[in-house]
Amino acid sequence: MSTLKPILIRTLQLVLVLWAVVTILFLMFRLMPGNPLAAYIDPTFTAEQQEALIRQFGLDKSLLQQYFTYLINLLQGELGYSFRYRTPVADRIWLLLPNTLILTFSSLIVAYAFGIFAGAFLAWKRGSRTEAAALPVVLATRAMPEFWLGMVLLAIFSFSLGWFPAGGTRSAGTHYESLWQLYTSANFLSHLALPMLTLAIYSQGLPLLLMRSNMLDVMNEDFVTMARIKGLSPYAVVIRHGARNAMLPVMTSFAISVGYQLQGNVVVETVFSWPGLGRELVSAVSAADYPLAQGAFLMIAVVVIIMNLVADLLYTLLDPRISYA
Amino acid sequence: MPETPAVVPRSGIARFFNSMQLPVGDPFTLAGLIIYGFFFVMAVFAPLIAPYDPIEILYTSDYDLASDLFPGERGHILGTTSLGRDIFSQIVWGARSALLVGLTAAFMVAFIGSVVGLLAGYFGGWVDAVLMRLADIAFGIPFLPFVIVISAFFEPSIWNTVIAMALVLWRDTGRVIRSQVLSLRSRGYVEAARVSGSSDLKIILRHITPNILPLSFLYGSIAIGWAILTEASISFLGFGDPDAISWGFMLQDAFASQALARQAYHWFIPPGLAIILVVSAGFFISRGYEDLLFPKLGR
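Residue numbers (numbering that gives the first Met the number 0), protein chains in the order written: chain A, 0 to 324; chain B, 0 to 298.
Chain A on its own, in the form it takes in the complex (with noise of 0.2 Å):
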């Protein structure tokens, strides 16, 4: 019953936030300067023709009648029609996400496996000219525009180097079975690890530095000095009484780097032309088709806030001592 009021709490949250958002979208695009429809009518359109389209699409209606159609087709899964591919916005989406998701998952699993070691190795050479030369080269990671780390990657390895293709998911004219074939195909990892690296590395600062004051505040406590005492080797010490516990901290912020990866996504997924969402979101604004930017948005803003919410939760979950009393 304790824990369940909270998640309760939190989950009602949740929705209100999210109506918010999507409320935030809608006036965002509906008041944005310019005829909506702007993209989508030919020059060569009659006026009858135009007069048509605007009553096809409700926009003669007034905003608030708008709104009401808006809230409604979006509980029912309607994210309309992209003005560019004349398909459903929805179908496009879910077609992009899974790249999206393959980019953002396996790069922050790399990431904190590097960060989680990396982290606790420099928490146990603390004081050490390694620390010292190791911390501003992590802080320079986290200063580096993404795009731009992805733009040196490129000109090194792939236009140098020659080790890996410069953009797209797969070679021209390649077939695959099945969507399993392609994600399993060497072709479609050696696509992935560039954009996969530039993600990684970007992201490792964050449980880098999570783990490594977690384990300088872990290895002050009672147990580990207890550990110590009965005479434990310093790898006992270190990983299974130090490591484990400052860990669960940084696994909590996973779910926060999910949501923020998602953004970042936006930037390198242009570098490398990786069809995924964040692309989508950029060439769809630029062509002005409007429903499709705005499911794309509305898909990543989502992910963003179940992350945050599930972040919340796993962080009351984790440690007893944070309650929403």
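Derived by calculation from the structure, the hints in this document are not laboratory data. Treat the hints with care, as some may be off.
Stated by the list, open to error - Quick look at which bits of chain A chain B covers, simulated, 3 or more residues with Cβ under 8 Å:
| # | region |
| --- | --- |
| 1 | 17 to 24 |
| 2 | 133 to 146 |
| 3 | 259 to 272 |
| 4 | 279 to 287 |
| 5 | 294 to 301 |
Unchecked claim - Just the calculated beta-carbon pair ranges, DEER-fashion:
| # | chain 1 | residue 1 | chain 2 | residue 2 | range |
| --- | --- | --- | --- | --- | --- |
| 6 | A | Asp-221 | B | Asn-210 | 29 to 37 Å |
| 7 | B | Arg-186 | A | Ile-71 | 47 to 55 Å |
| 8 | A | Ile-71 | B | Ile-268 | 50 to 58 Å |
| 9 | B | Tyr-188 | A | Tyr-66 | 45 to 53 Å |
| 10 | A | Arg-239 | B | Ser-197 | 53 to 61 Å |
| 11 | B | Ile-33 | A | Arg-83 | 46 to 54 Å |
| 12 | A | Arg-227 | B | Arg-186 | 35 to 43 Å |
It should be emphasised that the depicted structure is a prediction, and the values quoted were computed from it without experimental measurement. Glycine is no exception: its CB is placed at the ideal position from the N, C-alpha and C atoms.
Based on the hints, put chain B in the right spot on chain A.
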């Protein structure tokens, strides 16, 4: 905290700097301040330092386009772009955009966040409830996509980008300042001021605000970095101010002009390094601040 406030500065500006409690003794902070100083001088004296107009298309003495020159060729320190513009001059002028974006965005973030935090923390009740739900909503908005959409829909200008950033980024500052105000509100001297009949406004301005200024400054210095990185991304994606030479614009120009395939490292490495330096400087300063404000973390 500094052990003894030896000299109490008289003038307003000096008092302001004193109230920010800059941890100048910390090597990280000092490094950050020196980097800021360097770029500040570069930005202010850009017309004197830059040998060329950053958007002027240059020609060689025999009337050929001076394009794609390598560093050192014909006296161009970092070479030229595909359109025949001097790269070094663009870097120098880019410092102006970066500092302008960084400082204004940081000021707006720190200001909005502090006001929200002060109001929510001091008055509590429905004011607090409303403002903190607004912060929840701001946390639900994907930051970069939001700035992209706003920058793309309105006139492309640095100010729209800055405003879009401030509309979202105040959330962290607001929450932290609020919790700080909550603990300050029940301190003895605040109680004393209240009992002696000071107005709410006076208590907030005289007794609480001076104590949260260092925190506002900490979050402001983090926001400088975020703002510069975000502006770079926006310019790179092509939604930036077309009249402003920024480091993000340079990277977009290089990317679009196939500088990667031609291995023109001298074109796209320097703007990236400049961004890293300025943004790290903000991180370094905020690190020094954290040590000072939360001594426990500073180990």
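Discussion item. Is the coverage entry for the region 259 to 272 of chain A by chain B consistent with the three-residue Cβ rule at 8 Å?
Written reply: holds (count 7)
Worksheet item: Residue count check for the region 279 to 287 of chain A against chain B: does it reach three with CB-CB under 8 Å?
Response: With 4 residues close enough to chain B, the hint holds.
Worksheet item: Taking 8 Å as the C-beta cutoff, is the stated coverage of the region 133 to 146 of chain A by chain B satisfied by three or more residues?
Response: holds (count 9)
Item to complete: Can you let me know if the beta-carbon spacing of A:Asp-221 and B:Asn-210 is within 29 to 37 Å?
Response: At 34 Å between Cβs, range holds.
Worksheet item: Using the C-beta atoms of A:Arg-227 and B:Arg-186, is the stated range 35 to 43 Å upheld?
Response: At roughly 40 Å between Cβ atoms, B:Arg-186 and A:Arg-227 fall inside 35 to 43 Å, so the hint holds.
Worksheet item: Taking the CB of A:Ile-71 and the CB of B:Ile-268, does the distance hold inside 50 to 58 Å?
Response: Holds, at about 52 Å.
Worksheet item: Are there three or more residues in the region 294 to 301 of chain A whose C-beta lies within less than 8 Å of some C-beta in chain B?
Response: holds (count 4)
Worksheet entry | Satisfaction of the hinted span 53 to 61 Å by the C-beta atoms belonging to A:Arg-239 and B:Ser-197 | holds, 56 Å
Worksheet item: Are B:Ile-33 and A:Arg-83 spaced within 46 to 54 Å by their CB atoms?
Response: Because 50 Å falls inside the window, the suggested range holds.
Fill in: C-beta pair B:Tyr-188, A:Tyr-66: status relative to the range 45 to 53 Å that was hinted
At 50 Å between Cβs, range holds.
Worksheet item: Cβ-Cβ distance between B:Arg-186 and A:Ile-71: within 47 to 55 Å?
Response: holds, 52 Å
Worksheet item: For the region 17 to 24 of chain A, do at least 3 residues have a Cβ located nearer than 8 Å to some Cβ of chain B?
Response: Satisfied; 4 residues make the cut.
In this structure, none of the earlier numbered hints is contradicted; all agree with it.
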